[in-house]
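S.K.: Just so you know, the protein sequences line up as chains A and B, in that order.
Counting in the working numbering, the first sequence runs from 194 upward without gaps.
Counting in the working numbering, the second sequence runs from 769 upward without gaps.
By construction, these hints were calculated from the structure, which means they are not laboratory data.
Please read all numbers here as calculations on a predicted model, not as lab measurements.
Here a beta-carbon is modelled for each residue, glycine too, at the ideal position from N, C-alpha and C.
Careful: at least some of the hints might be erroneous.
To be verified - One side of the interface only, derived from the structure: several residues of chain A facing chain B at Cβ under 8 Å: (1) Asp203; (2) Phe260; (3) Ala306; (4) Val335; (5) Arg380; (6) Asn490; (7) Ala503; (8) Ala508; (9) Lys511.
Claimed, not checked - A few chain A residues that don't get close to chain B, going by computed Cβ distances all over 10 Å: (10) Ser243; (11) Thr248; (12) Ala255; (13) Lys270; (14) Ala277; (15) Val313; (16) Asn360; (17) Val361; (18) Lys479.
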Amino acid sequence: MKFLVFIETDSGAVVPSSWEALGKALSLSDDVEAVVIGENVGAVAEEAGSRGAKTVYLVEDASRSLFDLDLYVADVKAALETSAADAFLASHTGNGRDLAAAIGVDLGAGVIADALELWVDGDRLAGTRPVYSGNILVDVTVDGSPQIATLRPRAASPAEATGANANVVTLSPAAAESRVVVEKVERAETGEVSLTDASIIVSGGRGVAKDPELGFKLIRELADVLGAAVGASRAAVDAGFIEYKHQVGQTGKVVRPDLYIACGISGAVQHLAGMGSSKVIVAINKDPEAPIFSVANYGIVGDLFEIVPALKKAAEAKLSK
Amino acid sequence: MRYLVCIKQTPDTAELPKVKPEEAASGELSIQQVVNPWDEHAIEAALQMAENFGGLASVISVGGEKAIEALRSALAMGCKDATLVENADADAWGVAALLAGAVNHMGDVNVVVTGQMTVDGNSGMVPVAVARKLDWPVLTGVAKVLNVSEDAVEVERVVGQARHTVKVKPPVVLSVIKEIGEPRYPTFINIRKAARVKIPVLSADDLGVTVPPPVVHLSNFRKPPARDAHVQLFDGPADEAAGALIDALLAEKVL
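Use the sequences and the hints to build the structure in full.
M.R.: Written as C-alpha cells, this is what we have:
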C-alpha cells in the first residue's frame, strides 16, 4: 500500500507530530511518500526524505506560509494525483484534522479520524479510534480513494533520520483562491511546550484555590525543571486561575504523555477523558478519597503547596546526577 | 444576519463511562442525553453575535425524535427557531450533506456556527464537511468574534500554539471553542416559550438531499483495557515522600 503523509509546517518550522505520522506509515509500508507545503520549507522536505519518505512533494509559495484550508487542500489533491497513493495520512492536529476532513468529504472518501493505532489488512487500511470520549474503542475501515486517516499525536514513534538522500519533487502551487485574510499572528512564548506533544505534563486544579497565583507558579517551576507542559483542570480554568489553552479534559485538550502529574485535581470523569491514557499518572491531593487516586500509579496525600516545591527540589537534585 | 447553530444531543459527560459497547454499536443509549457541551458554546456564540451585531439565531439538529429535547434547550437559551432533520443512518459526510441541504433550504443563513466536536463521535469532521458541501469558507478553533457585517466576519482563532486574527467574507462556517464564552442559563420566560415552539421535522427528501452511503465502517466496539493502576502512596515528611516519588519515576524511565 502506497502512503502519502502530510508533513505540517508552521511559518517554515515542522509541526513535530508530523514525524509520528511518517513513522507510522513507514511501519506499515515500504512505499511511503510525503508532501510538504509552506514558505521556505525546503529543509523540512529534505528532512522528510532523510527520515524515510521515498519521494517528497514540495509546494513553496509565500501564500502558503500559514495553513490555509482552500490552498492546502488544492495542493494536497495535486500531490495525491501525482503520487497515486492508496492512503493519505496526517497527524490529528487542528490543521491535520481540517485538511483530512476537507479532502475526504470532497472526494467522498471516509476518514479514520484521531486513530490510536493503524494497520493494513490486504488492500485496506484499518484503525482503532476512541469514541465516547475515550470510554469506548472501535475498529474502523473506510471506503473511497484515497483511504484517509489522522493519527492522534503521541500515538506512534516518530520516524528516525536514516541519512538517506531526499528525492524532492517540486510542485507548483495549485490554482486556488484563499478566502481567509490573516491580519495578525500571536505566537506562544518560545520554549512553551504544547500539551498534545508533551511527554510530561504537570497540571493544577481546584487545590490551588487558597492562593491560585502561587499554586500555578509552583506548578510552572516544577514543569520547567522537568521540561514539562503545564495543564489544568476545568475547575481551575473556570475559576480564572489559568487560561483555557491549558485545560485538559472533556472540553479542553486530550493528552497522552508518558507522565501526568495531577496536583490538587480531584479526577472528575470529564478530566479523566482528557488524560486517562497517560502512561504513568501521579496524584497529589489532600483528600485520600479523591477519585484521581483510583487511576493513579503513584500518589502523595498532602498539600500541593508543600509537595510541589519538594518535588522540584528532589527533581533538581536527582536529575542533575 | 441569520446565524444557524448546529447541535447534537449526546450523553451527559458524567455518564459517558457507563456507555456499554453494545449500546455504542447500536446507538441506542440508556443514559441521560443532553446538548453536546461543545455545542452549548456554539449556541452562546450565535446568541452573542445576534446581540452584538444584529440578526437572529436559529438552531438545527440532525437526529432522532429525542433530539427535540436538545433543540428546546437551545430555544430556552434564546434561539428564535429550531429545526429537526431526520437522521437517515448518515455518517459524518451524510450529516454534513443534510445540514448543508437545510442551510440551502433556509436560504438566508449568513453564518453557520458549530462546536469543535461531539463528546460521542469525537471525530471533529462535521464542521469542515458542512462548509465544503456549501462551498463556504470555514474557520475552526474560533475563540472570539470581533466583528460581523455583511462584508466581513472577523474573529480570533487558535491555531496550534498560536492565535490568529482573521477576516473572511460571509457566508461562513465558524467552529468555536470554549473560550468563546460560558453558555448562558435559560430564563424562565424562554423555557416557557420554548415549550410552545413548534419544531418542524424535515427529511432528506424535504431538503432535496441525497444522503451519501456511509464510507466509514465501525466494528468491534469495546471498552478500553482498564488501567492497571494500583496506586503506590508515598508518605512521611514532604521532602522524603517527594524524593521517593522522583526515584520511582526515574525507575519507570518517565523522567
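S.K.: If a hint holds in the structure, say so; if it doesn't, say that too.
M.R.: Structure-based check of all given hints:
For aspartate 203 of chain A, the suggested interface contact is upheld, since its CB lies about 6 Å from the closest CB of chain B, less than 8 Å. Given hint, phenylalanine 260 of chain A at the interface with chain B, holds; its Cβ is 7 Å from that chain's nearest Cβ, closer than 8 Å. The interface hint given for alanine 306 of chain A is met, as the beta carbon of that residue sits about 4 Å from the closest beta carbon of chain B, less than 8 Å. Nearest Cβ of chain B to the Cβ of valine 335 of chain A: about 5 Å, under the 8 Å cut. The hint holds.
For arginine 380 of chain A, the suggested interface contact is upheld, since its CB lies about 5 Å from the closest CB of chain B, less than 8 Å. About 5 Å separates the beta-carbon of asparagine 490 of chain A from the nearest beta-carbon of chain B, less than 8 Å, and the hint is met. Interface restraint check: alanine 503 of chain A against chain B, minimum CB-CB distance 4 Å, threshold 8 Å, status holds. The criterion of a C-beta within 8 Å of any C-beta in chain B is met by alanine 508 of chain A, whose closest approach is roughly 5 Å, and the hint holds.
The beta carbon of lysine 511 of chain A comes within 5 Å of a beta carbon in chain B, closer than 8 Å, and the hint placing it at the interface holds. For serine 243 of chain A, the requirement that its beta carbon stay farther than 10 Å from each beta carbon of chain B is met, with the minimum near 24 Å. Chain B leaves threonine 248 of chain A outside its interface by the beta-carbon criterion, the shortest separation being 27 Å against a cut-off of 10 Å. Distance check for alanine 255 of chain A against chain B: the nearest CB is about 17 Å away, which clears 10 Å, and the non-interface claim stands.
Listed as outside the interface, lysine 270 of chain A is consistent with that label: its C-beta sits roughly 12 Å from the nearest C-beta of chain B, beyond the 10 Å cut-off. Non-interface status of alanine 277 of chain A relative to chain B is upheld: no Cβ of that chain comes within 10 Å, the nearest being about 20 Å off. For valine 313 of chain A, the shortest C-beta to C-beta distance to chain B comes to about 16 Å, beyond the 10 Å cut-off, and the non-interface label holds. Look at asparagine 360 of chain A: its CB is around 29 Å from the nearest CB on chain B, clear of 10 Å, so calling it non-interface holds up.
Remark: the non-interface label on valine 361 of chain A is consistent with the geometry, its nearest Cβ contact in chain B lying 25 Å away (cut-off 10 Å). The non-interface label for lysine 479 of chain A is consistent with chain B: the shortest C-beta to C-beta separation is roughly 12 Å, beyond 10 Å.
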